[in-house]
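Colleague: Each chain, written out:
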Amino acid sequence: MTEKEDLAAGRRDRKPDLNSVYTINEDGSRNMLQVADVKGRWTTRKYLMYALLIILYVAAPWITIGNHPMILVDIPGRAAFLMGATFTNQDFHLFFFVLIGAGISLFVVTSLFGRVWCGFACPQTVFMEGVFRPIERIIEGRRLERIRRNQKGGFPKIWRKTLKHLIFIFLSWNFAIAFMCYFIPTREMLHQVPFFHGNVTALMWSIFWTAMLYFDYSWFREQTCLIICPYGRLQSTLVDYDTVIIGYDEKRGEPRHKGVDKGGDCIDCRRCVDVCPTGIDIRNGLQMECIGCTNCIDACDDIMEKIGKPRGLIRFDSSRGFETGQARMFRPRFFVYSVLILAMGALFVSRATTRESFQVTVLRSQGMPYTIEDGVIRNLYTLHLQNKSDGTRVYFVTPADDALAGHPGVEYIIPQERVELDRLSDRQLSLFAMMPRSSYTVPVDFNFAVTDSISGTVQDIKVRFRGP
Amino acid sequence: MTENQNSQRDNRTVYKQNTVMDHEYDGIQEFDNRLPNWWLWIMWGSMAFALLYWIVFHTLGVGVLPHERFEMTMQAAQEAQLARALEAGIDNDFFVMMSQSESSVAEGREIFVTHCVACHLDDGRGSVGPNLTDSYWIHGCEPMQMLKIINEGVASKGMPAWGNQLGPSRVHAVLSYLLTIKDNNVAGKAPEGEPCTF
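If you read the protein sequences in the order shown, they are chains V and F. Under this note's numbering, the first residue of the first sequence carries the number 1, and numbering increases by one thereafter. Under this note's numbering, the first residue of the second sequence carries the number 1, and numbering increases by one thereafter.
Hints were generated in silico from the structure; no laboratory data involved. Just so you know, even glycine gets a beta-carbon here, dropped at the ideal spot from N, CA and C. Watch out, some of these pointers could steer you wrong.
[Unchecked claim] Which chain F residues face chain V? A few, computed with CB under 8 Å, are given here: (1) R109; (2) V113; (3) V117; (4) V128.
So that you can see chain V by itself, here it is in the shape it has in the complex (with noise of 0.2 Å):
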């Protein structure tokens, strides 16, 4: 669509450019863009992706493995299911290893291949371009006939914008309760909705993400890329001379004529702009609003297809490809990552595999460091045994070793040596160590050990035997 076209459809005379974001008008409100249609390479590429992507974020909760969803993060039960692996609260301190390794992927990834993330994977991007868009498209028109309209207005924009809405209303409720499903177990998530039979709320967050989701898709949309988004902001940091990023062949395409045959390749025809989801003309280089979509890959190619020039005037390469024709993807940046990342991964699976199965905790007795009667120190503790498996676990409490050996008549009261824990639960029980005071010196230091009958797993606690 030309410029002229733009100007006879009422568009203001504004062009992107790098002093100001292009989506925010001068005076501070809001420029929605009318994103025009693309096909080719890339775009069918990524819609594939898409699709999966959404089949994936989707499904995930209802996929089983070993009698737990796949992901489901059961906040009221303090559990955490991944993968058929069970988290439970005390394993938190393992989501260090999870948010610094998904940072560093990032890092990784962007250093190679720029904010492919952006473009092809998040859930920002795969649910407004694979969904919200195309059912914008379909029942609005190309761009140029939703420019027209918007204009025009009357009962022709009124009708569709209603049926868009509503249409948006209810996909954003749906995708609200799919994302739910990662917090709620699906079976119950089925007889629950629409009301929760009251559980207010449950009711409350569905409403609210289904509002959030349908103001983020109908209307905010490339702002949430562009300002609420972090990593975009660190798009300069992360990338350097040869990233791989979407860019311009400046020494191909200026001086820029509208045109064939005359300067360079670039006829400056505006498509790369018109169809560009955050209002960017990529031609001014790599920005901080560029979500690496391919979209002006895909038109660029087209119309340089359809003048008769070679492919690739916008594409992926280095700047420093761009400059001299050569690539270089192997740098002491990509090699500190991987190893970052790999210590992360291993530090990751060997916490996350050597973790105990269960987790004892000893208190000594509130209130009473010790008391004496008939000439008997006793000490009384009070012992957390918490079952972390997924299956019943039979526990046996013992004396761990002879710390108290050297002192004569040391006596223990264990008063339930087996204990039978289900899965996840736990039990707290009253412990005594005593020893004649006759024996006693200064506080001493022993073990209670507490073994798992199925596995063997043996933990020694220690603790202090104190007394006057």
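For chain V, the structure is supplied; the task is to place chain F on it using the hints.
Modeller: Chain F only, in chain V's frame:
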């Protein structure tokens, strides 16, 4: 940027070219573009909300603050518990009746062997704590008196307060079990306290 490149880029309309702010650090200049209106609305909205919140919750005191709501909920729960207890007629007879229910005695026994045996031993014959099977009682032998001891403990003698840890229904259960072993006279710790019958 060369003169030539500049002229190439001239066809772009520069947005608010005149609002570059008058400071410059290391060649970096700043534009003074207007913030998005939606952003400003959120800011003004947050301010208005804060003011309203302040007035409603802290000046007028009309609203209920989270910790007050928590306390109210806790109090309501306690009152409801008390009401249920009154309605259920919790008194000495209530526990006598409860001690005739096999299920509550079994539950009480389970709790007893978990928490109480450390001091009172498995049949209640006493070691650190007194013998619970004889007819001598330090703090009284009526169920309601025993309830108080279980709930509040006797700090001076090392008896912990179990009320908060076990909760009322489990305390009731364990008390019902105690009534079944009371006066069994298992040979154990020497009698303490006064002879007492109920």
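Colleague: Each of the hints needs a verdict: does it hold here or not?
Modeller: Tested hints:
1. R109: Check failed: Cβ of F/R109 comes no nearer than 12 Å to chain V, outside 8 Å.
2. V113: Since chain V brings a Cβ to about 6 Å from F/V113, closer than 8 Å, the hint holds.
3. V117: Constraint on F/V117 satisfied, holds at 4 Å.
4. V128: Constraint on F/V128 satisfied, holds at 6 Å.
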